Amino acid sequence: MAHSRHIEAPRAPTLLPVAVFIALGALLPLLLSSGFHVRLAMLIWIYAILCMGFNLLYGFTGQISLGLPAFYAIGAYGFGMLQTMLGFPPLLAFAGTLAIVALLSLLIGLPLLRLRTHYLAMATLAFMLIQNGVANRWIGFTGGQSGIAVPPLEWAGETLGRTEIYYVVLVMASLTLLLHDFLIRSHIGRAMQAIRDDETAAQALGIRVTRYKLRILVVSGVLAGVAGVCFGITSLRVDPSLSEFHVLVSVLTIVVMGGLGTRFGPIVGSVIVVLLPQFLTSFGAFETVIYGVFILVFLLFMPHGLSGLFERRRWSLRRRSSPQADAQAREMRRSAE
Amino acid sequence: MLMTLSYLLLAGLTNGSVYGLIALSLSVIYSASRVINFAQGEFVMLGAMSAVLFLVTLALPWPVALVAVIVVSVVVALGLDHGIYRPLVRRKAEPLTIMIGTLAGAIVIYGSAFLIWGPEPRFVPPVLSLAPIRLGFLISNAQQLSLIVLFFGFLALTWFILYRTRFGLSVRATGVDPKVALLMGIRSERIVQFTFIYSAAMSGIAGMMIGPLLGAHVSMGILITVKGFMAAILGGLGSPFAAAAGGLAIGMLEALMAGYGTSLYAEPAIFVLILMVLIVRPYGLLGDYEAERR
Amino acid sequence: MPKMKRSAAGLAAILAMTAGVAAAEPLDLVVCAVDDRSGSAADTGIESLNALHMVLDPVNAAGGINGQDIRIVEYDSKTDPQLAANFGTRCAEDDNALLIIGGSPSAVANSLVTVANQNKIPLWILAAASPELTDDAQYQFRFGPKVTQDSIAVADALAAQGIKKVGIINNSVPFGISGAASAIEALEPKGIEITTQQTYDVAATDVSPQIINLMQSEPEVVLVYPYPADGARVIRTIRQMGMTQPVIMPRVGAMKAFRELAADAGNGVMIPSSVDPSREDVEKFFDEYAEKFGELALSPSPAQGHDAGMLLTQVLKDAAVQEKIQAGDLQGARDAIVEATGRLGNFNGLQGQKDVAYNFAAGHHGPPDTGFFVFIEVAGNGKELVGADISKLAK
Amino acid sequence: MTVERNSGPLLRLENVVQKFGGLVAVNNVSFEIRKGEVKGLIGPNGAGKSTTFDLVTGVRPPTSGEIHFNGIRVTRQPAHTRSPMGMARTFQIVRLFRGLSVLENVQMGMHPAFPDGLLPSILRSAERRRQEAESRKRAMKLLDFVGLADRAGERIETLTLGQLRLVDIARALASGPDLLMLDEPAAGLNDAETRNLAEMLALLKKRGMSMLLVEHDIDFIMSACDTVVVMDHGTKIADGTPAEVSRNREVIAAYIGRRAADVTV
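Chains as they are written, first to last, in the working numbering: chain A, 1 to 337; chain B, 1 to 294; chain C, 1 to 395; chain D, 1 to 265.
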């Protein structure tokens with residue numbers, strides 16, 4: 001069974017689109033006239049950071065965490081509180097915040113990752129409710145429902161302007177994007193997808209499944225924390241609403257619309273979810289229904305989201321559809337479930 | 001002392017019955033379809049809001065209103081099943097993706113209810129009397145007590161359907177293995193449709209009965225469902241009875257925590273407790289049944 | 001089709017069109033109303049906006065101000081502080097609004113305050129009660145009382161009647177938790193003992209565990225911080241269990257949903273109110289409101305909307321403000337509005353006791369500290385609200 | 001992982017027992033596989049061969065008894081440790097990764113060779129890139145070996161069952177195993193596919209690959225294996241060359257009798 005002809009391996013995806021996204025991001029403030037647009041752009045990047053974490057965890061590794069908004073909130077609270085209460089300089093507060101969210105994710109993840117699908121979803125949701133409940137109740141520490149102020153970023157004694165803050169957020173988002181892309185294009189991303197698709201087989205190939213899940217959970221927690229810090233420096237406030245249901249709904253909407261398990265889904269989705277309410281204001285009371293219908297349409301008719309439309313074209317063009325192959329693939333899938 | 005304890009237990013039973021009802025409806029759907037229905041609480045909201053419509057606006061007698069509430073719930077449930085669940089199952093979406101679909105469904109239902117009823121809280125006229133009833137030294141009222149009756153009634157009905165009818169057998173078979181069920185000539189879509197309808201009716205009736213106590217508000221759905229979720233995973237999602245027991249457990253815990261501990265931190269404390277239970281028993285307190293099948 | 005126009009404008013904005021304002025043209029009289037018109041605080045946002053229209057629509061119908069109509073741009077913040085901040089920024093930077101009115105829940109108001117100070121745009125907060133909102137305030141003013149003023153009014157009344165022991169019960173949503181916290185803060189310095197603080201879940205149908213603890217702590221007066229429906233549940237259970245102590249229920253007690261649900265159990269519940277129903281002008285206004293928008297309980301929100309509208313017409317007519325508006329100087333106009341609000345803001349509105357004026361002077365920026373509250377009482381099985389006799393507190 | 005090569009058998013099972021509650025699924029089974037040997041494991045339905053396979057591949061630890069691989073005791077080592085040791089397996093129900101391309105599936109077999117962990121992968125990026133390139137090349141070679149190089153970039157959904165099994169084998173081979181364990185590789189294949197598979201296994205054998213083959217198809221196993229272990233009711237009833245085993249009375253009794261029953265199902 002020797003095959004003499006030599007066939008090239010298909011080419012691996014390049015970094016070019018990542019560079020394009022970052023370059024677009026860097027040019028954006030030059031194109032936008034009002035500070036409001038810059039603010040929206042910042043929010044897009046912040047949600048993109050948050051959702052890239054969720055994408056790695058659920059889209060690529062198959063482990064859901066509905067508790068991500070809690071880490072988002074803790075990131076913002078931590079960054080603010082370390083500065084105001086302990087007098088940390090911003091960089092140290094940033095590092096400290098990341099350490100806190102990493103440690104918390106580890107503590108939560110160690111026991112909870114034994115849980116599967118809906119149990120994991122509900123348990124992590126419980127974590128979000130705990131965090132939110134405490135943030136609302138422990139008024140002396142968290143400021144209760146009105147939250148706490150986050151000190152504005154300064155450079156050489158001057159408070160940073162909005163455009164400068166935008167670039168700080170952009171740097172964070174770019175680093176996140178690079179990490180996200182590195183992970184999914186490397187052997188680590190392959191292993192993550194293997195765990196998502198079939199844990200038993202992944203284990204048989206020597207992948208330490210639990211350890212991988214835990215790592216990605218920590219990565220997603222840390223990214224949520226980074227997003228929280230970015231939110232803190234843009235809004236200069238943090239309150240319990242950062243870990244309420246509507247944030248969770250936004251995260252889920254972003255990954256569904258952008259495309260679960262795609263390279264750029266979180267960014268594309270964030271663009272939609274941040275801008276959509278601004279357009280929907282003109283629909284008045286119909287807003288909520290339209291929003292819900294939007295999500296449904298994407299779920300039903302675009303299973304890989306907007307980003308998937310482009311990223312998956314490669315697959316569909318090559319796809320050879322023989323009825324027999326389809327039937328067998330179906331059978332295989334069914335027995336794998 | 002004894003009086004306090006009895007009061008706490010009665011309150012636990014009442015609140016637990018509400019959580020248990022939601023958990024029961026969630027679990028009936030889950031056991032046939034392996035999907036958590038995020039829109040379940042919206043049926044409670046629909047029950048309460050449409051009760052206002054039928055009882056106040058249209059001034060129908062309550063038995064007619066009850067039927068009308070059931071009809072509304074069933075129609076919306078069919079929409080959920082045909083519009084979201086089936087298409088997603090047919091394109092082989094993951095259970096969690098279907099869950100996200102039901103969340104979108106919840107947003108649509110909530111948004112539509114907002115269009116119809118607006119944001120104001122509504123007054124739901126009580127079907128039964130709110131006048132005090134004495135049970136020994138305990139005092140309650142008929143509307144509250146009816147929730148306990150409703151809960152155990154639905155528990156019994158669910159048991160009867162699942163274990164005493166041929167149809168129930170096929171429901172259980174679908175839950176165990178849809179492929180085998182198909183071989184037995186059972187169309188699992190039918191079964192899942194039934195569970196959606198049955199759960200929706202259950203929640204709708206619950207909404208009509210809870211409304212006079214909790215008030216009706218278009219955004220009440222998610223508040224109610226959260227405790228139901230927690231009850232279901234505490235008891236064990238896979239079995240309706242385990243989930244219902246989880247509801248009672250949360251109700252009792254809450255009452256005891258409020259009675260003897262801190263009422264301010266009762267909610268977060270109970271969620272912490274649930275997490276700890278899950279760490280020891282990943283499929284819930286009574287979830288052996290599901291754990292073994294994996 | 002104004003809807004179409006607005007979405008087209010939004011589209012243009014998002015596509016980063018430059019909106020160059022010619023220097024010589026006068027500014028449009030744009031006012032943003034960012035408030036909750038859906039979600040749990042929707043009633044406050046809707047009622048205040050209605051009242052705002054009641055004041056401004058006739059002004060516009062009569063030719064506006066110097067021939068210019070006042071345009072209200074409305075955004076629904078949905079109890080979402082982040083969304084509110086986005087809309088606030090949009091008002092400041094895209095809509096070129098002269099000022100922002102709104103922000104009823106504290107979290108929403110808080111994020112609007114940040115926006116106002118970043119963008120140097122005046123913000124008139126309506127109902128939000130969080131005390132620190134107007135600490136060291138520059139651009140923000142508030143029409144509603146702080147929750148602490150609310151609590152201080154209650155504490156003063158209780159202290160005056162020689163009450164020594166108060167039990168508190170609140171629901172577990174932020175409103176209940178922070179309301180109770182501020183009450184404790186106001187009561188303790190007066191030497192009033194808090195016998196217990198009980199918290200219950202809004203979704204709990206039976207609150208008797210909390211009521212039992214409340215009963216056993218033997219308070220002289222009970223303070224309740226609920227939402228309407230659970231407030232009714234609490235008061236019913238309190239009376240069912242044979243507690244006869246007076247009950248004070250800030251704000252919520254006046255709401256229709258509460259009074260309907262509580263029915264006879266609600267009789268005698270006392271409410272510290274910033275709106276005095278015995279004032280003639282108040283009664284007339286609420287009759288007028290009911291005619292336009294349907295029956296409404298005595299609620300501070302329409303009064304706040306009304307007062308904001310009154311002050312707004314005064315401020316826009318002000319010479320210093322008009323000068324900047326005519327010159328097309330947006331930032332100048334905003335600063336002038338801040339200044340004029342402080343200067344003109346000592347006026348009698350529909351809130352407070354008769355002849356008690358707002359105090360928007362520098363360093364205060366809100367309702368007066370005393371004389372702003374009256375006590376009212378639920379009567380007639382929930383059908384009426386009447387003036388309360390607080391001496392009944394000390395039985 | 002450095003493994004001290006010994007001269008003993010590659011795989012050794014000693015008195016392995018597996019109980020599920022009161023049921024004894026595997027009862028005191030012992031056998032060996034030498035280097036280069038292709039061992040078949042057969043038996044009627046419910047004989048315990050799949051359970052035995054699970055014990056060897058580490059899906060669960062046995063109730064008692066010992067398993068040694070390359071002289072190392074692996075009895076209670078979890079499944080993920082087996083591949084780095086040189087044990088690779090395929091699955092009866094094909095368990096390829098749906099989200100990955102054919103090539104990437106094969107690359108997964110080489111996973112343990114990559115740097116472990118996030119930071120090492122980022123820090124040792126030059127080494128990782130070289131490894132990645134190498135792994136792609138090797139995976140292509142393996143795909144070429146099983147005759148699927150032209151499908152490398154495709155989703156696995158587009159392949160037939162026979163092709164999927166070949167990818168599974170390529171993936172197992174990718175780890176460079178000392179022992180290849182195949183779980184019913186011919187199940188569900190048509191005649192042509194089965195012949196193709198047999199040819200490939202013969203080629204692997206010629207290259208010196210040791211294999212453990214669990215199979216239902218007696219003809220397939222008799223032609224492919226050096227030696228065969230026969231199980232019935234959880235017990236080993238024969239162990240020898242195909243010729244020896246097929247003459248064994250106990251085997252014939254157990255097998256033929258049951259096989260008739262199998263057919264009627």
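Hints are computed from structural coordinates only; laboratory data are not their basis.
Just so you know, these numbers come straight off a predicted model, no measurement behind them.
Glycine included, every Cβ here is placed at the ideal spot set by N, Cα and C.
Please note that the accuracy of each hint is not assured.
[To be verified] Computed beta-carbon distance windows for the label pairs: (1) 172(B) - 171(A): 47 to 57 Å; (2) 190(C) - 151(A): 44 to 54 Å; (3) 241(C) - 159(A): 28 to 38 Å; (4) 244(D) - 92(B): 44 to 54 Å; (5) 92(A) - 83(B): 44 to 54 Å; (6) 90(B) - 293(C): 17 to 27 Å; (7) 331(C) - 125(B): 35 to 45 Å; (8) 172(B) - 293(C): 46 to 56 Å.
Hints versus structure:
no.: 1; hint: 172(B) - 171(A): 47 to 57 Å; result: holds (56 Å)
no.: 2; hint: 190(C) - 151(A): 44 to 54 Å; result: violated (35 Å)
no.: 3; hint: 241(C) - 159(A): 28 to 38 Å; result: violated (57 Å)
no.: 4; hint: 244(D) - 92(B): 44 to 54 Å; result: holds (48 Å)
no.: 5; hint: 92(A) - 83(B): 44 to 54 Å; result: holds (52 Å)
no.: 6; hint: 90(B) - 293(C): 17 to 27 Å; result: violated (48 Å)
no.: 7; hint: 331(C) - 125(B): 35 to 45 Å; result: violated (55 Å)
no.: 8; hint: 172(B) - 293(C): 46 to 56 Å; result: holds (54 Å)
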